[in-house]
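Asker: Using our numbering, the letters of the sequence shown map in sequence onto residues 1 to 283.
Check before you lean on any hint, since a few could be wrong.
[What the hints assert, rightly or not] Estimated spans, in silico, between C-beta atoms of each pair:
hint, residue 1, residue 2, range
1, Arg72, Asn255, 34 to 42 Å
2, Ile134, Gln50, 18 to 26 Å
3, Asn100, Leu74, 41 to 49 Å
4, Ile133, Ala253, 38 to 46 Å
5, Ala253, Ala127, 26 to 34 Å
6, Gln225, Glu29, 19 to 27 Å
7, Tyr96, Ala281, 39 to 47 Å
8, Gly75, Ser217, 20 to 28 Å
9, Gln218, Leu263, 40 to 48 Å
10, Glu29, Gln105, 16 to 24 Å
[Stated by the list, open to error] Capping the alpha-carbon separation at 20 Å, the derived lysine to aspartate or glutamate pairs in DMTMM-like fashion look like this:
hint, residue 1, residue 2
11, Lys129, Glu118
12, Lys157, Glu143
13, Lys245, Glu279
14, Lys32, Glu143
15, Lys32, Glu78
16, Lys129, Glu176
17, Lys157, Asp121
18, Lys32, Glu118
19, Lys32, Glu219
20, Lys124, Glu135
21, Lys129, Asp199
22, Lys157, Asp115
23, Lys32, Glu80
24, Lys129, Glu279
25, Lys32, Asp222
26, Lys249, Asp222
27, Lys249, Glu279
Hints in this document: simulated from the structure, not taken from any laboratory. Glycine is no exception: its CB is placed at the ideal position from the N, C-alpha and C atoms.
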Amino acid sequence: MKRVLFIVILLIAVFTSAVALADSPTEPELLKVHIINVGHGNAILIQAPQGQEILIDAGRLEYAATVARYLRRLGVAEIEHVIATHPHNDHIDGLYYLLNIFSAQRVIDPLAPIDRKEIRDYMKFVASKGIPIIEGHAGLSFELSPGIAVDLVGPVKPCNFRLNDNSIVAKVTFGETKFLFMADAEITEEQSILTSGADLSADVIQIGHHGLYTSTSQELLDSVQPSFAVISCAGKERPFGRCSKSVIKRLDANNIPVFRTDLHGDIVITSDGVNIQVETAGL
Numbered sequence: 001m002k003r004v005l006f007i008v009i010l011l012i013a014v015f016t017s018a019v020a021l022a023d024s025p026t027e028p029e030l031l032k033v034h035i036i037n038v039g040h041g042n043a044i045l046i047q048a049p050q051g052q053e054i055l056i057d058a059g060r061l062e063y064a065a066t067v068a069r070y071l072r073r074l075g076v077a078e079i080e081h082v083i084a085t086h087p088h089n090d091h092i093d094g095l096y097y098l099l100n101i102f103s104a105q106r107v108i109d110p111l112a113p114i115d116r117k118e119i120r121d122y123m124k125f126v127a128s129k130g131i132p133i134i135e136g137h138a139g140l141s142f143e144l145s146p147g148i149a150v151d152l153v154g155p156v157k158p159c160n161f162r163l164n165d166n167s168i169v170a171k172v173t174f175g176e177t178k179f180l181f182m183a184d185a186e187i188t189e190e191q192s193i194l195t196s197g198a199d200l201s202a203d204v205i206q207i208g209h210h211g212l213y214t215s216t217s218q219e220l221l222d223s224v225q226p227s228f229a230v231i232s233c234a235g236k237e238r239p240f241g242r243c244s245k246s247v248i249k250r251l252d253a254n255n256i257p258v259f260r261t262d263l264h265g266d267i268v269i270t271s272d273g274v275n276i277q278v279e280t281a282g283l
């Protein structure tokens, strides 16, 4: 994997702070990844230079209006791809609100082989909006736009007793920069992905399961070799959902800088295909 030169530049201001890997002298086409602060949950917007978008999850229903305002500020009207990584309420319940406001071309879902009323209700809701549902699994690939590849590396096989281990794990490649989004994949799914031989190398990793101890093995980090990590997690208002100290120590031991929504608020990662910049809300 081409490693991005990690030059830390702190830009201290009233509302924002930034860490830059490098600066480009021209105004290139940019890929933007927005890790939206939704507490203990997940909501990520990926924007291609030509305007196409992926929404990975939508957080809990109580944060749906926050996500909607965020998308509107960016001028989002239609979402090309919604990836619902797995049917837990902190990942998909916001879709009940958002899909009534924004149109979507398709929903990619793992179609977990677990029969629960809340899953049936969610699937009926998506179908009622007339949105095609595509099964998301390892091996599914598509282009967000020319030059931006999206490859699903998980789930490798269905899990019939744990929703987290049916999580869609996606890798996005733009030029020489790579992003890996782990959703709520736990150690079992990590192992199945590692065993599959998938190329997991990435410059940026979204840490699985909100930084809890159930995920982020040393073996995974050895395979990914990230330049830095982001975690979508809750703060003091949700003690059981805080990042695990063991995971943070593991990241520190591997010299992997970490950006967290509970500490930094919304996180925006920008790539020109070679260089990466991270901006935070600076909570």
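Asker: Given the hinted pair Lys129 and Asp199, is their Cα-Cα distance within 20 Å?
Answerer: violated, 35 Å
Asker: With the threshold set at 20 Å, check whether the alpha-carbon distance from Lys249 to Glu279 stays at or below it.
Answerer: violated, 23 Å
Asker: Mind checking the alpha carbons of Lys157 and Asp115 for me, to see if they're no more than 20 Å apart?
Answerer: Holds, because 17 Å separates the two Cα atoms, which is no more than 20 Å.
Asker: Are the Cα positions of Lys32 and Asp222 separated by 20 Å at most?
Answerer: At roughly 26 Å apart (the allowed maximum being 20 Å), Asp222 and Lys32 break the hint.
Asker: State, for the Cβ atoms of Gly75 and Ser217, whether the hinted interval 20 to 28 Å holds or is violated.
Answerer: Given a distance of about 39 Å, which is not inside 20 to 28 Å, the answer is violated.
Asker: If you draw a straight line from the CA of Lys32 to the CA of Glu118, is it 20 Å or shorter?
Answerer: violated, 32 Å
Asker: For the hint 26 to 34 Å, verify it against the beta carbon of Ala253 and that of Ala127.
Answerer: Violated: the Cβ-Cβ distance is about 46 Å, outside 26 to 34 Å.
Asker: Would you mind confirming whether the straight-line C-alpha gap from Lys129 to Glu118 stays at or under 20 Å?
Answerer: holds, 17 Å
Asker: Given the hint of 38 to 46 Å, is the C-beta distance from Ile133 to Ala253 inside that range or not?
Answerer: With Cβ atoms ~41 Å apart, the hint holds.
Asker: Quickly compare the C-alpha distance for Lys32 and Glu80 to 20 Å and report which way the hint goes.
Answerer: holds, 15 Å
Asker: Honestly, do Glu29 and Gln105 meet the 16 to 24 Å range at C-beta?
Answerer: Roughly 22 Å apart at Cβ, these two residues keep to the hinted range, so it holds.
Asker: Verify the CB-CB distance for Gln218 and Leu263 against the hinted window 40 to 48 Å.
Answerer: violated, 23 Å
Hints 3, 5, 7, 8, 9, 12, 13, 16, 17, 18, 19, 21, 24, 25, 27, counting from the list given before, are not met by this structure.
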